[in-house]
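Both chains come to you apart, so use the hints to assemble them.
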Amino acid sequence: MSERAPNAVLEASREVRPLRLALVLPRFGDDLVGGAELHGRWLAERLRACGHSMHILTTCARDHRTWRNELPVGPSDVDGLRVMRFPVDRRNTRKHADYERDIHQGRVLDVDEEVDWLRNGVSSLAMEEFLEREADQFDLVLGMPYLYGITYFAYSKVPDRFVLVPCLHDEPYARLQFVGEMLGKSRGLLFNTAPEVELARSLAPSLTDWAVVGVGFDPPQSLDVRGVRRRYGLKHPYLVYVGRREPGKNTHLLTDYFLRYKTRRENDLQLVLVGSGDEPPESPDVLTRIIDWADRDAVCRGALAFCQPSVNESLSIVLLQAWLAGSPALVHGNGSVTRYHCERSNGGLWFNNYAQFEAVVDTLSSSSELRGALGANGRAYVEREFTWPVVLGRFHDAVERWVEAD
Amino acid sequence: MTEDGIDVSRIMAEISADVRRRYDAGDYPPEITAELDAEYAAAPLGRFERDLRTLKGLPFTADIEVASRKRLVAPVVSGAKRTIRGSLRWYANGLLSQVGTLARLAAGALEALGERVQLLERRVEELGGDLDTTKREVREAAARSDDVASTLETFRSAFDRAAASDQDVELRFGRVERAVRELRGLDERSRPLTESTAPSSEVDRRLDYLSFEDRFRGDADSVAAKQRHYVSLFREASGRVLDVGCGRGEFLALLAADGVDGYGVDRHPDMVLECREKGLDVLEEDAMAHLEGLAPGSLGGIFAAQVLEHFEAPDVVRFFDLAAEVLIEGGTVVVETVNPQSLFVFANSLYLDLGHTRPLHPHTLQFLAERAGLRDVRLEYLSPPDDDTRPLPMPELGDPDLNTLTERLDENFRRIDSIVFGPQDYALIGRR
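Note that the protein sequences, when read in sequence, are chains A and B. Using my numbering, the letters of the first sequence map in sequence onto residues 1 to 406. Using my numbering, the letters of the second sequence map in sequence onto residues 1 to 432.
None of these hints come from the bench; they were simulated from the model. Where is the CB? At the ideal position from N, CA and C, for every residue including glycine. Treat the hints with care, as some may be off.
Unchecked claim - Here chain B is said to cover these stretches of chain A; the calculated rule only asks that three of the stretch's residues, wherever they fall, bring their Cβ under 8 Å from a Cβ of chain B:
#1 190-199
#2 341-348
#3 351-362
#4 365-379
#5 394-401
To be verified - In silico negatives: residues of chain B with every beta carbon more than 12 Å from chain A:
#6 29
#7 33
#8 90
#9 123
#10 149
#11 285
#12 296
#13 340
#14 357
#15 407
#16 411
#17 424
So that you can see chain B by itself, here it is in the shape it has in the complex (with noise of 0.2 Å):
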């Protein structure tokens, strides 16, 4: 029906009910009748019901009438009728008797099958309808099926198209990957916390990292600038890099576009499927769980960046014990991280990142990293604060008692200095 509420199927069996009673009542002259009948496949039962009411009307009796119309003779033929009519009565009463049994069962069995014949034609009419409104829910039904089965084929098509390049679908791939674990991280940022779960590990679970890192660190050609000068510590390296917490993957691709093998881990997904569509080889899992499945002497070096300050204190022990343990003989580890030596950090990076458990000094992962067998152990401080955030010098005021005075401004300046705006970050760079 459309929303004028024109229903054609409804008109036409309006006018078909129409037709069929003014056939019912004789309204058509025998030439549209006879055609009607042939359309209607129906015995004319008016005929029937006449003949049946005469069959039950019709008086079996004995009484024959015994009159003659032969005047001459009448009274001996009708005389002679009525001698047999009397002598065969007790015959003829007998047959009646039967015959008028036979008319009646019979004529109720005709009547009930009359009644029969009438119902089903009744129903056969219905299902005439019912079949007619089940063909067009069929055709409809069709019609659906095929607007059902266009959007497939356009679907196929696309995915035809889509799987003409194996890049393209897996870069599709991986974004739906995504929206689902974006999905799925929603549900997860929901739940409550839990006891047993480390709070640093939780942050890094729940917080969208991806995000935060766009934000927060910088885009990934400033992280790449910082990081290149890491990569001649690794050229020579006699087995494959591994970066661990690689993030979006700015130093793998570093070592890449210098022709060292590494690969990375990394616990967050999105950065997974970022480095991926990178196409660099990266690991969806913790950096500890990977680092004690490495058979010993695997890898040819191991670089972590901005990592370590995330770990429990067990772990930051742990992993200078595991580096040691999987590096080649003469492998390089490099640890960088925020350096608590600055107070400006703690203004700063330190506490901008949810995920950092705590601060790590200088000297006590020198400690951990010679103490788990490393040599070579040094330390290199980097990204200095920006000058325009430091004190300034006093100026030169051309009295020496003053200026005396100045320059002890400026040391006690300077020693401050060394503190409050030291270098925000500093590398251990070790070997095996």
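So here's chain A without its partners, still in its complex pose (with noise of 0.2 Å):
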């Protein structure tokens, strides 16, 4: 499953001036689809079609399980991106995990012990190295997401020039101590939505100078709702899920959900999960479907909704992108961030336990006109907010704003 930024070379916006800038993340490469390695890679593509120098600072690891080594260390050339690949430290994944446990369970970790989880999380001190030696070669260091050693001790070596892009959720790591302090102490802070500042706020004493700037789509290609129907067997009306089913993701709530909707009403409705995961219970209403990705946008627009029961997003680029297509959502109503955008765009509804999500779907499935309004405001919002154009020119106010304090 491969995605990439369509239309890579962007139309100016704007005069901006070239910047040397370096993208910490954990992982590069082609075939990870995960949020944050989406939006990192499509953020470095189209700051280097804006002119600026772009490297991408990562390790040589492909999973984010084992953070095994697989790629070779030192520089390559990724479509066009300058990638320096430093290989993982050596990880001790007992005292990692029993740390997670700590964490999970509330214990108060000191900063210590922190440092010594992010150590044996995923670091890199060839990484680190290369950023105290080279430091100077960028004007603007950017990492993302807070999560990981990798990003903290990017941070850690060079703090006056380090851009944050968090991608906060609520969760137990986000209240430790060393995320407070990367919030407080970079040069600046990228978020994706106006609820993960506030988010930011509950978790640091005080915020360093930030800009709410998110990640840009392009509209779709192509909607073959007809054609995405026939090639995988999509007779009925279906309402889709996109994205890796896990306990993370909330995907086997609505499964349940789903499946308990179907006990109670005599209809041909199904659920179309596509992506890979858990398995979900056996049922002929539950499609499981690995679809080519080009195909996404009008798999979503063939749907009666698009439906993201994750509670923890940070932005939800699937959801974004279902809006573009014009598809109607039906989020958790607990995802502050996705309930957020249904409220902003009048584009999509919420549910908080089983019997708001029978009425809720019982709602759009009766009326056409309904679904037809929600996904048109949705796609109103993502054109308003979310186009490149408008990403960049939130991007560069920022960052411009930070290499001139210099």
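Below is the structure:
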């Protein structure tokens, strides 16, 4: 499964001073489609297209669970981006797991323990040495997401030129002390949404200079709904979810609610789960599909609604892409960011319990007019807030401030 | 709410209210009700109300059944019970009365509590709705404040960029100040004339002199060309040279280019700003007030071109007195003004400028200068009208008689020419 930002050559929206930028990412590669990885790669491609010199500083790892060094150390060229890979340091996974358990059980770690946890998560002394030695090569060093040792140790080497793209969501890790430190002492912060700023404010005594920037999207290339219905055997009305199926994404709740819904409603509605991950319960009404990524927008467009049950999103790229395809949204009411998007766009509804899920699905099923209006509102919202010229405009407003302050 | 009337918060409020109605009506199966119980955190009031009804309907009586189911001994047992019941009736009735009162009071209190609980639940629900609305409004406000913050940042960044160059800021500030003054000027120009104000200065104040000069006096280069010859008079000045009514600063620029230390005064803010934008040292002040404030012998030279004709007569007299006083020994004064000996100027420059009070005769000024104690006072006549506006000589006709006539005619025209088409300006030059 591979996805690339279409129209990689940006129509320059304004004159920008070329900057020497580095982007620190724990993983980088064509085949990595996690939110932060996509976000980072798209941003890097667009910034390079704006004329900035763009270096990706990343590790040799491909798997975010093992962090095994699989890719060769050193410089390489990935689609025109200069990529420097550094080896992941040896990790004590047992120690790391112990800390993880402590964090989830609410034990307060002291600063040294936090650093120890980060060191045994994913870090690279080679990258840190490089940053320390070559810091002057870069006007700014961007790093994302907040959670990894790779990010924190890069920050600690060059705090004055470090711009954190935190991709925060409310979870026990976010309340660790190193997060507050980065939020307060980096040169700048680039958030994805206003609720993320609210969350950050609750985590740090004071925030350093920040801006809400997010990531941009191009309009869908093709919306051949009939074609995808035929190709993927989608004969009946369906709700769709796109992404990994895992507890962190709350997909189990979605399948549970949907199957309960089917026991109480005699209709032919189906749930289509696009992507890989945990297998859902056997049911003729729950379909799993691996699709050609180019068909994603049409699959969303053809759906009764795009479902995003996750409550741990800092942006939700897939939701915004589904809106751009014109699909109405159905999100979990406890997902502060996704609900914020719905309220701000008037492009989606939400549920907090099964009864609401049932009532909302009934409401959406019964009115194509409502679905059309929600989808159109969602698309208008993304076009207004998250197209590349808008996003890059916000990015440049912010970083020019931070570079000029030197 | 969007233009198409979709308001998802309203839709969700309606859906939530519908769910609540169905929950209250018992439409959901137990597992959904249980989930909603937790959601609403409400006690099952239905059971409470049922029990309360039972409590209120309980018959409190001493007439306890005395019949016995034990057939053989039934008559004996029933009889004994009846006897006990009868003998304890007074006691039982007393207790029953108390229990009945207790039950009535308890039922009443529980009923009241139930009503209060329902009231509170409704209120909590309303507050929950209000809270959702407030949260949404706060989020919207936060989003708006982000926009404001972002706009402020844009301003700040623009300001920071401007601040990178002091000169740049000075210029931008000057332009803003000028715009403000223009607005203020509009206001002043609309103010009625006051009797106490001298007409000429009122005109000066109300007229947009910068625009006026730009249009009628010629561009800065042509003015500079006319004034360039005065520079040599100040080259040896042993003190600062004051340009009185310096206007757009043409002469100050010439002085500066020649290394002469000069400064100006002008009462037109636009002129002052224009000069400052050129980097010239100019004060916004009334010329006479400025001269009166100077210490004796403090100036190396005074230059006043096309200024004194704006003054009231007493100020013209006072000007020379002050000039003589504030100039250093040997300091030069140059006064250039319209020449009233040329009738041509009456048809042109003199009345073009509404700020002109009166033309000043060269001999008058010479008198005033000399009277004030200035030395080597001389007059230089300048700016003859263009030849193509003046009378042409008669052609040679070849006939001696006719030539005599044409010579006479030429002579007459010369006389008229000298009066009508005399030099338009003159300069008075003197030394202390």
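Going through the hints against the structure:
no. : hint    : verdict
1   : 190-199 : holds (count 4)
2   : 341-348 : holds (count 6)
3   : 351-362 : holds (count 7)
4   : 365-379 : holds (count 5)
5   : 394-401 : holds (count 5)
6   : 29      : 8 Å, violated
7   : 33      : 9 Å, violated
8   : 90      : 59 Å, holds
9   : 123     : 20 Å, holds
10  : 149     : 9 Å, violated
11  : 285     : 39 Å, holds
12  : 296     : 53 Å, holds
13  : 340     : 59 Å, holds
14  : 357     : 54 Å, holds
15  : 407     : 75 Å, holds
16  : 411     : 73 Å, holds
17  : 424     : 52 Å, holds
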